[in-house]
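Trainee: Sequence lines, in order, name chains Y and B.
Using the working numbering, the letters of the first sequence correspond one by one to residues 1 to 393.
Using the working numbering, the letters of the second sequence correspond one by one to residues 394 to 497.
Just so you know, these hints were derived from the structure itself, not from any lab.
There could be a bad hint or two in this list.
[Stated by the list, open to error] Straight line, CA to CA, 16 angstroms or less: simulated EDC-like cross-link-like pairs of lysine to aspartate or glutamate: (1) B:Lys-396 / Y:Glu-220; (2) B:Lys-427 / B:Glu-487; (3) B:Lys-400 / Y:Glu-227; (4) B:Lys-395 / Y:Asp-216; (5) B:Lys-400 / Y:Glu-230; (6) B:Lys-396 / Y:Glu-227; (7) B:Lys-427 / B:Asp-463; (8) B:Lys-400 / Y:Glu-220; (9) B:Lys-395 / Y:Glu-220.
[Claimed, not checked] So, partial list: chain Y residues that the calculated Cβ filter (under 10 angstroms) puts toward chain B: (10) Arg-160; (11) Thr-206; (12) His-221; (13) Tyr-341.
Beta carbons are placed, not taken as given, at the ideal position from N, Cα and C, and that holds for glycine.
What follows is the residue order along each chain.
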Amino acid sequence: MSVQKTLNGNQTIAEAVRQIDPDVMAAYPITPSTAIVETIAQFKADGLISGEYVCPESEHSAMSVCIGAASAGGRVMTATASQGLALMWEMLYIAAGLRLPIVASIVNRALAAPISIHGDHSDTMGARDAGWIQIYSENCQEAYDNFIQAFRIGENLDVRTPVMVGLDGFIISHSMEVVKTEDDAAVKKFVGEYQSVYPLLDTSKTFTVGPIDFTDYYFEHKRNQMEGIENAPKVILDVGKEFGETFGREYGFFEEYRMDDAEICIIVMSSAAGTCKDAVDELRDAGINIGLLKPRVFRPFPHHEIAEALRGKKAVAVLDRCASPGAFGAPLFTEVRSALYDLEDRPKIVNYVYGLGGRDIQIEHFKDVAKKLARIAETGKVEEIYGYINLRE
Amino acid sequence: MKKETWKELTIGTINPNAGNSVQNHTGTWRSGTKPEFIEEHCIHCFFCWLYCPHFAVVIDGDKVKGFNYDYCTGCGLCAEECPTKEKSIIMVKENVQLAGGGEE
Ligand code: SF4
Ligand code: SF4
Numbered sequence: 001m002s003v004q005k006t007l008n009g010n011q012t013i014a015e016a017v018r019q020i021d022p023d024v025m026a027a028y029p030i031t032p033s034t035a036i037v038e039t040i041a042q043f044k045a046d047g048l049i050s051g052e053y054v055c056p057e058s059e060h061s062a063m064s065v066c067i068g069a070a071s072a073g074g075r076v077m078t079a080t081a082s083q084g085l086a087l088m089w090e091m092l093y094i095a096a097g098l099r100l101p102i103v104a105s106i107v108n109r110a111l112a113a114p115i116s117i118h119g120d121h122s123d124t125m126g127a128r129d130a131g132w133i134q135i136y137s138e139n140c141q142e143a144y145d146n147f148i149q150a151f152r153i154g155e156n157l158d159v160r161t162p163v164m165v166g167l168d169g170f171i172i173s174h175s176m177e178v179v180k181t182e183d184d185a186a187v188k189k190f191v192g193e194y195q196s197v198y199p200l201l202d203t204s205k206t207f208t209v210g211p212i213d214f215t216d217y218y219f220e221h222k223r224n225q226m227e228g229i230e231n232a233p234k235v236i237l238d239v240g241k242e243f244g245e246t247f248g249r250e251y252g253f254f255e256e257y258r259m260d261d262a263e264i265c266i267i268v269m270s271s272a273a274g275t276c277k278d279a280v281d282e283l284r285d286a287g288i289n290i291g292l293l294k295p296r297v298f299r300p301f302p303h304h305e306i307a308e309a310l311r312g313k314k315a316v317a318v319l320d321r322c323a324s325p326g327a328f329g330a331p332l333f334t335e336v337r338s339a340l341y342d343l344e345d346r347p348k349i350v351n352y353v354y355g356l357g358g359r360d361i362q363i364e365h366f367k368d369v370a371k372k373l374a375r376i377a378e379t380g381k382v383e384e385i386y387g388y389i390n391l392r393e
Numbered sequence: 394m395k396k397e398t399w400k401e402l403t404i405g406t407i408n409p410n411a412g413n414s415v416q417n418h419t420g421t422w423r424s425g426t427k428p429e430f431i432e433e434h435c436i437h438c439f440f441c442w443l444y445c446p447h448f449a450v451v452i453d454g455d456k457v458k459g460f461n462y463d464y465c466t467g468c469g470l471c472a473e474e475c476p477t478k479e480k481s482i483i484m485v486k487e488n489v490q491l492a493g494g495g496e497e
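Let the sequences and hints guide you as you build the complete structure.
Mentor: So, in structure tokens, the structure goes:
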């Protein structure tokens with residue numbers, strides 16, 4: 001039976017960690033994810049979890065500990081944000097290359113310079129090619145649900161790929177919400193026993209982990225690695241469905257909100273999607289046929305499904321909480337635009353960057369976007385393909 | 394040595410044949426010079442054996458016997474470190490044999 005609790009985003013992650021009780025938790029505290037690490041340490045001190053908690057000297061070391069522990073054959077998690085994720089950089093690629101299903105909860109925060117402790121997606125978007133599965137959460141409930149599912153997805157024997165679960169810094173990590181948490185036993189049962197693959201602690205077999213490759217093997221190993229994340233879509237859907245059957249909240253690649261008869265559409269991830277839903281409702285009341293598509297899974301990118309969901313729409317605005325300097329649009333935009341290329345009758349598409357460094361985005365801002373989309377839908381012309389929301393110009 | 398396709402490789406860069414670097418003949422990297430052992434000057438101090446990065450110095454008990462050219466890359470460290478006044482190792486020219494890697 002589920003219990004309703006008042007928790008903030010960090011507490012929901014810590015609660016899920018307590019319930020799953022991984023073998024090793026290694027993390028270095030960094031704002032706004034500190035409370036996750038602190039709470040886990042408290043759980044450990046109070047004897048509520050049996051796994052090892054390691055606090056190394058940096059995030060680079062935290063991920064290194066995770067890699068060592070996962071190679072040894074353990075179920076492993078970590079939590080970090082922003083500069084912490086940036087410091088893990090080289091180890092992220094190693095975790096993915098070694099196919100270690102580490103689960104990381106990333107409390108999305110801007111990257112310096114200038115220093116900002118507030119939320120945006122620069123950290124995880126920068127790591128989008130590190131080979132990790134990426135799942136983003138709109139609210140505390142989704143953070144809890146996604147984090148639990150992440151273990152099942154990453155640990156699946158066809159996938160064996162690390163997973164990062166994003167939740168927006170402060171907006172979600174520090175905001176109280178009523179969250180349905182599930183029974184400890186039910187969560188443990190859902191996640192299941194950990195199955196290790198080539199654990200180093202099994203001394204009955206001899207093998208080498210992480211050897212050097214020359215020009216004759218590196219390419220094949222990299223291609224072999226990609227098989228894991230390419231197998232992930234089916235597993236993500238299966239796990240999302242099973243989660244729905246078990247706990248009543250089903251998950252897919254993305255959420256469609258009032259999309260059925262929508263002519264124009266906003267695509268936005270994470271917490272801003274919540275505000276966008278209110279904007280869509282108000283716009284619908286005013287007779288505007290608008291819908292929202294909220295991506296949940298960014299890696300692997302569900303390009304085919306997103307293209308199908310956008311088929312027949314007249315105009316689409318992709319909102320990115322991250323800039324990609326020098327690129328043709330921000331990360332979510334380039335993915336969506338590329339996904340649309342094979343549609344014969346594709347919608348017009350524009351990109352707006354919003355919310356960098358935690359800058360607020362409100363219902364009025366979404367209404368402005370809707371106004372621009374309506375004009376594009378009417379004229380069939382895009383005047384400015386790229387812009388910014390709530391920026392002093 | 395037959396090289397696996399990407400599908401045949403073990404997950405996560407795992408090499409299930411631990412210790413198979415012995416099959417990797419680093420001697421194919423050698424280009425130009427190789428060490429030559431002059432036994433009569435040798436005091437069997439084992440410096441060459443210690444410094445060789447490829448374990449290519451062949452020993453038998455407490456005696457140095459020469460080199461395993463399957464693994465010797467011709468780096469010259471052994472000759473450099475050899476302490477005898479009259480060198481016990483000299484680097485000599487050999488016909489260049491190009492390495493076989495990278496043709497995939
Ligand atoms: S370093 Fe020179 S003297 Fe010493 S064992 Fe080797 S060949 Fe002999
Ligand atoms: S030349 Fe280099 S690789 Fe060859 S035996 Fe001497 S130290 Fe070893």
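Trainee: Let me know if the C-beta of Tyr-341 of chain Y comes in closer than 10 angstroms to any C-beta of chain B, holds or violated.
Mentor: Interface hint status for Tyr-341 of chain Y: violated (27 angstroms vs cutoff 10 angstroms).
Trainee: Decide if the proposed pair is consistent with the structure: Lys-396 of chain B and Glu-227 of chain Y, CA atoms, cutoff 16 angstroms inclusive.
Mentor: 19 angstroms, violated
Trainee: Does Lys-400 of chain B pair with Glu-220 of chain Y here, judged by a C-alpha cut-off of 16 angstroms?
Mentor: Distance of about 8 angstroms is within 16 angstroms: holds.
Trainee: Take the C-alpha atoms of Lys-427 of chain B and Asp-463 of chain B, compute the straight-line distance between them, and say whether it is at most 16 angstroms.
Mentor: 11 angstroms, holds
Trainee: Within a Cα-Cα threshold of 16 angstroms, do Lys-395 of chain B and Asp-216 of chain Y meet the stated pairing?
Mentor: Given pair Lys-395 of chain B, Asp-216 of chain Y holds - Cα atoms ~11 angstroms apart, limit 16 angstroms.
Trainee: Should the hint that Arg-160 of chain Y touches chain B count as held when the rule is a Cβ pair under 10 angstroms?
Mentor: This hint holds: Arg-160 of chain Y lies near chain B, its Cβ roughly 6 angstroms from the closest one there, short of 10 angstroms.
Trainee: Tell me if Thr-206 of chain Y is really an interface residue toward chain B, meaning its C-beta lies closer than 10 angstroms to one of theirs.
Mentor: Cβ of Thr-206 of chain Y sits 4 angstroms from chain B, so the hint holds.
Trainee: Tell me if the straight-line CA distance from Lys-400 of chain B to Glu-227 of chain Y falls inside 16 angstroms.
Mentor: 9 angstroms, holds
Trainee: For the pair supplied as a hint, Lys-396 of chain B and Glu-220 of chain Y, confirm whether the alpha-carbon distance does not exceed 16 angstroms.
Mentor: Answer holds: Lys-396 of chain B to Glu-220 of chain Y is near 10 angstroms, not above 16 angstroms.
Trainee: Please verify whether Lys-395 of chain B and Glu-220 of chain Y have alpha carbons no more than 16 angstroms apart.
Mentor: Answer holds: Lys-395 of chain B to Glu-220 of chain Y is near 14 angstroms, not above 16 angstroms.
Trainee: For the hint on His-221 of chain Y, just tell me whether its beta-carbon gets within less than 10 angstroms of chain B.
Mentor: Holds, about 5 angstroms.
Trainee: Take a quick look at whether Lys-400 of chain B and Glu-230 of chain Y sit within 16 angstroms of each other, Cα to Cα.
Mentor: 14 angstroms, holds
Consistency with the previously given hints fails for numbers 6 and 13, ordered from lowest to highest.
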